[in-house]
Amino acid sequence: MLDLQFICDHREEVEQNCKARGVTVNVEAVVRLRDERNKLIVAGDELRRQQKEASGKIPKASAEERPQLIELGKQLREQISEVESQQKAVEEELRSEQAQIPNMTHPDVPVGGEDDAAEVRFGGKKPEFDFKPLDHVEIAAKLDLIDFEAGSRVAGHGFYYLKNDAVMLEMALVQFALSKLRSEGFTLYTTPDVARDSVLEGIGFNPRGDETQIYSIANTDLSLVATAEITLGGALKDQTLNISELPLKFAGLSHCFRTEAGSHGRSTRGIYRVHQFTKVEMFAFTSPDSGQSDAVHQEIVRIEEEIFQALGLHYRLIDTATGDLGGPAYRKYDLEAWMPGRGDGGSYGEVTSASNCTDYQARRLNIRCKSPDKKGTQYVHTLNGTAISCARAIIAILENYQQADGSVVVPEVLRPWVGKDVIAV
RNA sequence: GGAGAGGUGGCAGAGUGGCCGAUUGCACCGGUCUUGAAAACCGGCGUGGGGUCAAACCUACCGUGGGUUCAAAUCCCACCCUCUCCGCCA
20 MLDLQFICDH REEVEQNCKA RGVTVNVEAV VRLRDERNKL IVAGDELRRQ
70 QKEASGKIPK ASAEERPQLI ELGKQLREQI SEVESQQKAV EEELRSEQAQ
120 IPNMTHPDVP VGGEDDAAEV RFGGKKPEFD FKPLDHVEIA AKLDLIDFEA
170 GSRVAGHGFY YLKNDAVMLE MALVQFALSK LRSEGFTLYT TPDVARDSVL
220 EGIGFNPRGD ETQIYSIANT DLSLVATAEI TLGGALKDQT LNISELPLKF
270 AGLSHCFRTE AGSHGRSTRG IYRVHQFTKV EMFAFTSPDS GQSDAVHQEI
320 VRIEEEIFQA LGLHYRLIDT ATGDLGGPAY RKYDLEAWMP GRGDGGSYGE
370 VTSASNCTDY QARRLNIRCK SPDKKGTQYV HTLNGTAISC ARAIIAILEN
420 YQQADGSVVV PEVLRPWVGK DVIAV
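All residue numbers for the first sequence refer to my numbering, where the first residue is 20 and numbers rise by one.
Watch out, some of these pointers could steer you wrong.
Computed list of lysine-lysine pairs in DSBU-like fashion (alpha-carbon distance at most 30 Å, straight line) [unchecked claim]: (1) Lys-145 <-> Lys-199; (2) Lys-144 <-> Lys-107; (3) Lys-199 <-> Lys-182; (4) Lys-394 <-> Lys-268; (5) Lys-439 <-> Lys-145; (6) Lys-268 <-> Lys-256; (7) Lys-145 <-> Lys-182; (8) Lys-71 <-> Lys-107; (9) Lys-199 <-> Lys-107; (10) Lys-79 <-> Lys-93; (11) Lys-161 <-> Lys-439.
Ranges of calculated distance between the beta carbons of each label pair, as one might list FRET restraints [what the hints assert, rightly or not]: (12) Asn-45 <-> Glu-72: 32 to 42 Å; (13) Val-441 <-> Val-42: 48 to 58 Å; (14) Tyr-180 <-> Asp-22: 41 to 51 Å.
If you're looking for bench data, these hints aren't it; they were derived computationally from the structure.
Where is the CB? At the ideal position from N, CA and C, for every residue including glycine.
Whenever a hint applies, use it, and build me the whole structure from the sequences.
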């Protein structure tokens with residue numbers, strides 16, 4: 020959520036930003052509702068003051084004065100409850116308008132849609148094949164690594180069983196990512212796979228809407244998490260941190276559940292777009308100065324790149340354009356790994372993303388920090404980034420490391436955990 | 001799942017209808033004393049909203065949401081959470 024005061028003071032900038040992001044919102048309504056709310060607050064405060072005054076006199080009042088004061092108090096109570104219900108209605112409307120306004124955007128972010136992302140740089144080397152590379156579905160079939168049929172029988176389309184060495188590969192990726200993050204000073208967590216709807220909303224998900232990506236659990240206020248971003252960010256909900264302990268860097272392992280409503284037929288082959296996968300996520304809380312959050316953002320991207328470099332995979336780093344940012348992000352970098360079996364002749368597929376959400380999530384989650392020299396508190400900045408998203412990383416490994424004989428070489432850094440150098444029949 | 005206890009400011013911990021936004025202790029900040037430090041003493045010290053050039057000031061907040069009352073931390077209801085014991089269980 021964007022700061023109310025900021026929206027009202029920078030109306031044109033906010034409107035321009037929404038336009039660049041392709042979001043239609045009613046900034047005018049926010050300003051109008053804010054003014055309306057303020058009037059009601061002032062009126063309510065005055066009535067409450069009068070009521071306090073009247074009821075404060077009662078204990079000392081004479082027998083004659085008392086009934087009058089009680090009568091006055093009754094009247095004031097009615098007026099107050101009238102003003103309060105108006106205020107509540109206005110605030111509800113205000114909040115829902117305000118919630119639709121996306122975060123502001125880093126000035127260097129390219130303007131446009133999905134195709135306007137800026138290519139920042141490339142890493143690793145594209146593999147060369149002297150045979151026609153297969154896609155991960157075919158490779159997995161030959162090596163008996165994924166059971167899609169069992170997945171559908173048991174849970175439906177979009178679910179799968181990893182099997183045999185694919186299981187070891189997934190565990191190896193998790194171990195590798197966690198080891199790397201521990202050495203980078205992250206605090207490691209395994210997190211709940213469910214969270215309260217209020218936490219999901221704080222991070223920026225709509226758990227129960229028509230177009231939700233979220234599985235919710237009937238008769239509870241719990242939903243399955245779509246990413247550990249939700250549980251890691253939510254971990255410090257309503258907390259006030261000391262600015263000297265920032266930045267805090269968390270890493271969390273969780274399962275991720277997504278309904279993928281409305282995306283059927285779009286890159287759904289294999290395990291590219293699935294309803295459940297395992298992911299190691301980074302999350303950082305920084306002080307509210309964009310210098311620190313920008314620096315941590317670069318650090319998160321650096322770590323993502325180092326992970327894919329260590330895996331020996333070719334990738335490109337893109338700076339996501341305004342229209343493709345999503346509400347909470349101020350800036351977002353995606354790492355796209357080369358997937359030789361994808362599409363016709365290979366293509367890049369998104370494997371990580373790293374967002375700086377500035378104070379947008381912190382405001383709704385109410386995560387603040389305090390500095391000794393400043394009165395009051397400020398909202399922290401939050402950032403998140405993927406260390407390893409297992410399903411897609413497995414696609415990249417299988418397709419890039421496939422051999423003419425159908426076997427798959429295990430990336431060197433994963434061998435200690437996979438326990439072999441080559442996955443073969 | 002059953003029984004009990006409890007949730008109050010950074011922490012500990014009083015407060016059972018009006019004098020309570022809240023006693024006290026610790027922590028923290030400033031000062032006196034001291035060569036310096038500690039101790040002692042004095043003073044300060046919550047968060048949000050409104051308001052103001054800035055203050056003053058007003059208002060809200062004692063787990064959350066409702067209710068009773070002229071008046072609620074305090075009484076009533078629901079929910080959430082924590083702890084102890086019992087049962088069940090990987």
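>> So if I understand the rule, the pair passes when the alpha-carbon distance is 30 Å or less; does Lys-144 with Lys-107 pass?
In response: violated (58 Å)
> For the pair supplied as a hint, Lys-71 and Lys-107, is the alpha-carbon distance within the 30 Å limit?
Replying inline: Within the cut-off at roughly 22 Å; holds.
>> Holds or violated: Lys-439 and Lys-145, Cα atoms, limit 30 Å.
In response: holds (23 Å)
>> Between the alpha carbons of Lys-79 and Lys-93, is the straight-line distance 30 Å or under?
In response: Given pair Lys-79, Lys-93 holds - Cα atoms ~18 Å apart, limit 30 Å.
>> Check the hint pairing Lys-268 with Lys-256 against an upper bound of 30 Å on the C-alpha distance.
In response: Cα-Cα ~15 Å, so holds.
> Has the hinted range 32 to 42 Å been met by the Cβ atoms of Asn-45 and Glu-72?
Replying inline: holds (40 Å)
> If you draw a straight line from the CA of Lys-199 to the CA of Lys-107, is it 30 Å or shorter?
Replying inline: violated (49 Å)
> Is the gap between the beta carbons of Val-441 and Val-42 within 48 to 58 Å?
Replying inline: holds (49 Å)
>> Hint check: Lys-199 vs Lys-182, CA-CA at most 30 Å. Holds or violated?
In response: holds (25 Å)
> Are the Cα positions of Lys-145 and Lys-199 separated by 30 Å at most?
Replying inline: Status holds; Cα separation ~24 Å.
>> Lys-161 and Lys-439 were given as a pair; does the straight-line alpha-carbon distance stay at or below 30 Å?
In response: holds (18 Å)
>> Can you confirm whether the C-alpha distance between Lys-394 and Lys-268 stays at or below 30 Å?
In response: holds (26 Å)
Hint compliance for this structure: hints 2 and 9 are not met, and every other hint is.
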